[in-house]
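Participant: Chain D is already provided as a structure; the job is to place chains Y, R and A on it using the hints.
There are 4 protein chains.
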Amino acid sequence: MTDVKGFFYPRTALGGSSLIPDPPWFYSGDLLTVEYRTDPARVAELLPAPLEPAPEDPGAVALIWADWQSCSSSREELLDPVRSQYKETFVVVRCSFEGKTFSRCVYIWVDKDFAIARGMHQGYPKKLGTMWQTRPHPFHNAAPQIAEGGIFGATLAAGDRRLAEAVLTLREESDSNGFVNSHPMAHHRIYPGIERGTPDAYAELISSGAAEFEGGPAWKGDVDLRLFESPTEELARLGVDEIIGGYYRQVGVTWDGGGSLAQRSATEGWKAVRA
Amino acid sequence: MTDVKGFFYPRTALGGSSLIPDPPWFYSGDLLTVEYRTDPARVAELLPAPLEPAPEDPGAVALIWADWQSCSSSREELLDPVRSQYKETFVVVRCSFEGKTFSRCVYIWVDKDFAIARGMHQGYPKKLGTMWQTRPHPFHNAAPQIAEGGIFGATLAAGDRRLAEAVLTLREESDSNGFVNSHPMAHHRIYPGIERGTPDAYAELISSGAAEFEGGPAWKGDVDLRLFESPTEELARLGVDEIIGGYYRQVGVTWDGGGSLAQRSATEGWKAVRA
Amino acid sequence: MTDVKGFFYPRTALGGSSLIPDPPWFYSGDLLTVEYRTDPARVAELLPAPLEPAPEDPGAVALIWADWQSCSSSREELLDPVRSQYKETFVVVRCSFEGKTFSRCVYIWVDKDFAIARGMHQGYPKKLGTMWQTRPHPFHNAAPQIAEGGIFGATLAAGDRRLAEAVLTLREESDSNGFVNSHPMAHHRIYPGIERGTPDAYAELISSGAAEFEGGPAWKGDVDLRLFESPTEELARLGVDEIIGGYYRQVGVTWDGGGSLAQRSATEGWKAVRA
Amino acid sequence: MTDVKGFFYPRTALGGSSLIPDPPWFYSGDLLTVEYRTDPARVAELLPAPLEPAPEDPGAVALIWADWQSCSSSREELLDPVRSQYKETFVVVRCSFEGKTFSRCVYIWVDKDFAIARGMHQGYPKKLGTMWQTRPHPFHNAAPQIAEGGIFGATLAAGDRRLAEAVLTLREESDSNGFVNSHPMAHHRIYPGIERGTPDAYAELISSGAAEFEGGPAWKGDVDLRLFESPTEELARLGVDEIIGGYYRQVGVTWDGGGSLAQRSATEGWKAVRA
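For the record, the sequence lines run as chains D, Y, R and A. Counting from 1 along the first sequence, just add 1 to a position and that's the residue number in our numbering. Counting from 1 along the second sequence, just add 1 to a position and that's the residue number in our numbering. Counting from 1 along the third sequence, just add 1 to a position and that's the residue number in our numbering. Counting from 1 along the fourth sequence, just add 1 to a position and that's the residue number in our numbering.
Just chain D, with the same shape it has in the complex (with noise of 0.2 Å):
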């Protein structure tokens, strides 16, 4: 009998092949991210079972668009840096779970294959898409620093279409890099089934945070978000009914697995995963 290797598909004799390596996953980046509020319903409406709003300011939204190099412990991709670096931008909300409180990704849009089926493995919603976020460098010429009126832009387009484009002006330190973001991740993973008409085959909830976190100090400022309408996305459903902040921080993260917190059986529905 083959015993095939690899994290991910394709499973080879070798493993040489899997699309994405075996954890611990290794992140330098670059986060712009605006927080703000719209119609608390239009949130909920985003949560299926178990699942229920957060108690509080359930209405609050985190659109993050992050620029990453990332790598396994071989650090090899570092080296072929085609397979290390890429861009993401995705749209956090806060839900409650057996009485706890979860960040949670309701859409999500990156440039590398990679990062879709390390998202596919953690429960982001991946889709390809085109992303760009200002850059700051050492050189003012053609850069802004992380300082007090270091201006960023960011935009976010799929299917040839923008859907999303931010402006941040810096104005000083901050506590924090904003706070919709700031709790384990409660996303699900599902397997719709392979015959027409039936069940998903699979359906579990998961939770998963950072190993490891080190971020440089975080800065806020002023900023303007316009969202477009998509006939393929549901982004502009989430309006911006007030801002709430704009953010910027450069972060490492170390990733390393997460935890099943419910699973869905045919039979009884969602059962939680007893520790």
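The hints are all genuine.
Keeping only pairs whose Cα atoms sit at most 30 Å apart, straight-line, the calculated BS3-like set for lysine-lysine is:
1. R:K101 - A:K6
2. A:K272 - R:K6
3. Y:K272 - Y:K101
In case anyone wonders, no lab produced these hints; they're calculated from the structure.
Facilitator: Frame of chain D; chains Y, R and A shown alone:
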């Protein structure tokens, strides 16, 4: 309790964001197929339990380029072709399960995210790549025809590296478009355990094939194939020992789900699904 | 003294690096054309000296999507189709020079670098963009045919923004594929002065057209066209006042150089070239 | 008579479509440089009239990766970074004109159209490619620092083929960032004749360099470089006989035009421009 909609993620209240719509899925496209024999042991090592090598010609491999236009029942993707057109290159071998022969895709590269998501559902181990194949056209200025003497080139790259190149010169009409990809597919669908070091949280062997199929005349001809090494791929490990043939065919396909062949449980291992 | 070779840059000792080979250049492709009338003043403002507006129907505009396969005399690009296939969308108006009517491309977006370089040579003002047009195919599953009732969509984007969308429904065969793009092209070729604030170092008005042309049956039909604003484009300034028609045609084209119509000198201004 | 505006094509009534704005152009970016010696004859064969080989170390070559953010005086591109960020890899040699030593870019690949257009103006022979270089970041999780032991990878591809790979390990601060790219550039600007078989319609030798330059500390280190064959490139012809050094430096640059060194006329050949 929120009832989110959508065949695949992200699921929402309205269901308009799902990366892929409900089946059936419809395809019109051109297939350039190269069939060859490799060391049967190199095929066998890609067949995990509960699969076994095919009883006849177990080293046969098909490397297939496909240039597709696809849509759902609404056909709306056809009017926004960024959502409809995609290309793929895939490697098919044969295997056996409970005495029946199946085809099996062991490697596949595509150039759109909706194609990746369909592959997740169908058990195709999709990565992003760039693939090109010469197109036939009524005017000869810069195109072959599907006719004697027509020459078609095809290339595959991923991670900024060439992986494969083929040149096919059509000689005559053919009874078939090859035999390796002619069975129902037997594919694994897997979800690695979210906790580090745990076994797959989900593992299923599914089968699927075309619900409807139409094809134009198949042509066969002389073919050259070159495979190249890459640190992230093991395609070249399926070395070309003997060319079987090259084929070209235009086809129309409808896919409308499949069926479960076997499921793995932690306690009992693989267990066939009985209809 | 070194004698470097190559039609275009980079020129080298062997000539194998040139971004484009020597003409003639050969093309096989499909054209989706939308013709409409805009304010003639908006066309006139795009016609610099020594051009003047066309005497008849001076507000007529053609917006054309083209899906090409192309090659040089060696035809080697056809076997490495990344060097052969490209798409483009371009805007054509008409103008007059010395009493003769010419077509003129005022905006054009392509998706390959060799197409940009050809455009430099031919005076097409090419930018990169992403453009898609529905493809006809013998099998109806996910494709129209070039026949009554066939529906074709077309989109254009640049800089991550949609610029144009069209939907064409074929009704009947047509005597022509439109009239706006039917004259020889009159294009400027310019080189800005390398020193800041100096006039163009080079300015020439050239003309070119197809050395050979074959076309299948032209079809006409009902067409919808939408143009969108962008901070880097002025396409939407050519607003749609009245649709003239929509057309679809498959063509084969050979291009083999053009001729100089006029040249500008610093002292004498524009001076026509006499044959 | 219409007075069209815009530094480069397309020129329009308002000037908002030009692929590139008026200089000055501003750049902030990171340079990874590999210097080596090749056969001087291979450099000499890339130096057309009126250039001659550099008198000292005529086989010296610099292969440079640059990760740029750039903008015009308005700085508006920085807030829409798809218009601001780009990467490039370029090959520089040295040459001599009228007894003065110049640097000269003989090959260059970029990943944006505005960079191609700037190159047309400045005489850089730009093609599209994909290039990646490891980025430094304050957090070590998945990034080196610009410090002893920092390891940086760099790759170049075009036409779906790898062309070059380098790995640089920083050892110590350096007085310079290399010497090959340290002179004013001497570049040809050419326009092939539009009529088949005619000589260039325009040929000029221009010089330009940075109007302003700032640089952080330069670092040097051990470097490996591999060049690969491609049917459309001659980079590998500049084979690596001896590594001179590897360098890393962050810089800020302003470019504001250049000057004409010589022009070629049909009757008199090359003639130097006297200030």
